[in-house]
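Chemist: The task is simple: from the sequences and hints, build the whole structure.
4 protein chains.
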Amino acid sequence: MIDSKYFYQQAVALAAAGDELYRRGWVPATSGNFSCRLNADSAIVTASGNHKGRLSPSDFIAVDLQAKPISSGKPSAETALHTQLYARFAHIGAVLHCHSPAATVLSMALADSPELVLENYELLKAFDGVDTHATRVSIPIFANTQDIDALAVEADQYLAEHPRCPAYLIRGHGVYCWGKDLDVCMRNLEAVDFLLHCELERMRLSR
Amino acid sequence: MIDSKYFYQQAVALAAAGDELYRRGWVPATSGNFSCRLNADSAIVTASGNHKGRLSPSDFIAVDLQAKPISSGKPSAETALHTQLYARFAHIGAVLHCHSPAATVLSMALADSPELVLENYELLKAFDGVDTHATRVSIPIFANTQDIDALAVEADQYLAEHPRCPAYLIRGHGVYCWGKDLDVCMRNLEAVDFLLHCELERMRLSR
Amino acid sequence: MIDSKYFYQQAVALAAAGDELYRRGWVPATSGNFSCRLNADSAIVTASGNHKGRLSPSDFIAVDLQAKPISSGKPSAETALHTQLYARFAHIGAVLHCHSPAATVLSMALADSPELVLENYELLKAFDGVDTHATRVSIPIFANTQDIDALAVEADQYLAEHPRCPAYLIRGHGVYCWGKDLDVCMRNLEAVDFLLHCELERMRLSR
Amino acid sequence: MIDSKYFYQQAVALAAAGDELYRRGWVPATSGNFSCRLNADSAIVTASGNHKGRLSPSDFIAVDLQAKPISSGKPSAETALHTQLYARFAHIGAVLHCHSPAATVLSMALADSPELVLENYELLKAFDGVDTHATRVSIPIFANTQDIDALAVEADQYLAEHPRCPAYLIRGHGVYCWGKDLDVCMRNLEAVDFLLHCELERMRLSR
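Chains as they are written, first to last, in full-length UniProt numbering: chain A, 1 to 207; chain B, 1 to 207; chain C, 1 to 207; chain D, 1 to 207.
Simulated from the structure, these hints should not be mistaken for laboratory data.
Every residue gets a Cβ at the ideal spot worked out from N, C-alpha and C, and that includes glycine.
Treat the hints with care, as some may be off.
Calculated pairs, BS3-like style, for lysine-lysine (alpha carbon to alpha carbon, straight line, at most 30 Å) [said to hold, decoys possible]:
no.	chain 1	residue 1	chain 2	residue 2
1	D	K74	D	K5
2	D	K74	D	K180
3	C	K74	D	K180
4	A	K68	A	K180
5	A	K5	A	K180
6	C	K68	C	K5
7	A	K180	D	K74
8	A	K74	B	K180
9	B	K74	C	K180
According to the in silico footprint, chain B covers these stretches of chain A (three or more CB under 8 Å from chain B) [unchecked claim]:
no.	segment
10	2 to 15
11	21 to 31
12	93 to 105
13	193 to 206
Over 12 Å on every C-beta distance to chain A, these chain B residues come out as not near it, computed from the model [as the list claims (entries may be wrong)]:
no.	residue
14	Y8
15	A40
16	G49
17	H51
18	R54
19	D64
20	A87
21	F89
22	V153
Modeler: Dropping the structure here:
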């Protein structure tokens, strides 16, 4: 059973996040998609193709954790990347996928790297379980593909081995980020984008 | 006959788009011009020289598809570039022309290139008919000229041969973008500017 | 005699411009100063040292065109650079001086150049008297000094010989821009800053 | 005794500053911390870990100048860096610590430098006691550490020898800035970030 009041509350919160992310330029041209967990077996996710800065509750679809819609409408083509996270980790409550310029450019600039390694940033402490800058946090970079199921399997395998990973990049595409709830997910996304931006600036200075 | 109510509605929608584009810095110093189709034979276009972030319905002129005014006022000097698009493609409903920094700088940096080729970006899927990142989309770059009629002919010839082209650049000048309606045109423009910005960032990293 | 109602109207308009310029980051940390002509012999100019995004009419001082205050308060230390322009050109009605990052960095990067030459930009047509991109517009770059009277003399000599010059830079300091009224001055300033920004981006790509 | 009305007024003012700094992207992902002096022996400082763009008075803790809380709640882990400043200089009334991209990237790019030397910028005059661009202002760069007490000692020793220093950087971490009151502190912070941004741009051009 879908709790329609909770669905509505989560949809309103995701729409507000979408407005903020749109104004930052991270979900241009209807790109990006957002979700929140409803319960142990389901989540709500943005419908396919809407403007992400003007979402309303009717722009969200309930799906089970196999990415099958359980309310009317057509969910985002990337729904399986959201449900993979909810199915793998019971503690994840929200997932945001954005196409920021930094995520797009950096993932393409690191054309031969399977990951971005972040170290010596105080802001690494924004991630759960990190209590010092003197550490290394890896953000994997997956090749882009239109085969979302295959990408979900690749992400799942990586995350099974790296459960503390806070986010991943898809090359030329964008970033996936998550958290126990939407506030924590936004905090993590801000930290990731800040760090990607700093890495890009430092790469410019070194070339 | 001009449908004055429809004229007014379209003008209000274009003025709102102008306000958004001005705040993004894409139409500085009265630059840029905007239009919407009225019907099979006419369109409205911004008057010459106004501040593009403070437009009102009286700042728009109705023109036929030969760029001749059919309401009072002086239309933009670049009106023929708008009407070329409406005359060539019956499905085009809106045209936006902006002078973003990315469009200006990139078109000048590619001084010897007749086109910008975009590939491997997920955001290419924002364009109608593109369903994979694994493709190539060409954005032609025309030399700038004050002979707008000649430029309209050049654009028309190119688009006759490349009907799927989503936008074109004029070197040192800006970008022309279109869509079946204003929302789609804005989506396409956001996608184009995002991609130009990413290309510029990548060019910086490679030099 | 000062027309107090006109003083008030001009001060309110300059305060609104200041708010806009502050939000763009062009007058950080109380930098910048603004003025409007009152009549043939006087102008109002910002007082020394206030936050430029929160100006009120009491933050403006009336001065004669020798930069002497004719109302209470202490005018900006750079008042003579404003009054030089009003004294030299009867058609100038407003002057804006900003410290944008582009003006600061570009004027320092061009350490050995007495001027910045702009050409091939469509946006050059924003300047009065320019009707084609195929032209050259020179923006002189003066050395910075705390001797404002000497700088006013230097600017005056340059402008006597180059009456079409639309703006000048002071190295490591900022830009002075003017127009027949505040709207035209803002348009010119937007055009100048856009062009400085583009030049800076192109310089980055070429190094 | 804590003056609860003054505590409340200062907390409201710091929350408004936080909102502004958050919108600028200088305190992403709950980073940064802010304080104001209450009296000769105490200050209020942000609690540990909150979103810095949505602070309310209950997000502030009163502390003595040995960084011990004297009201309920857990103060920021970096409280000792704030109280060091209040204890060292009786004239300091406010301290802001931010993680701007410019502060983070520049402090890492200057990996072997103990300081950043700023000269020839007109904006140096924003700092108290500076009345010409023809001067040198040093901003020390301390190595980052999770040992805040040790960092407070290092800052204290530096500032004892350089009492006119307007701010310091912590490598890969951010900037600390202060002033006699919150308005002056914001002015100094704007000036510092502007100058860091310009230095970063100039470094890009020279590499």
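Chemist: Starting from the hint list further up, note which numbers the structure goes against and sort them upward.
Modeler: 10
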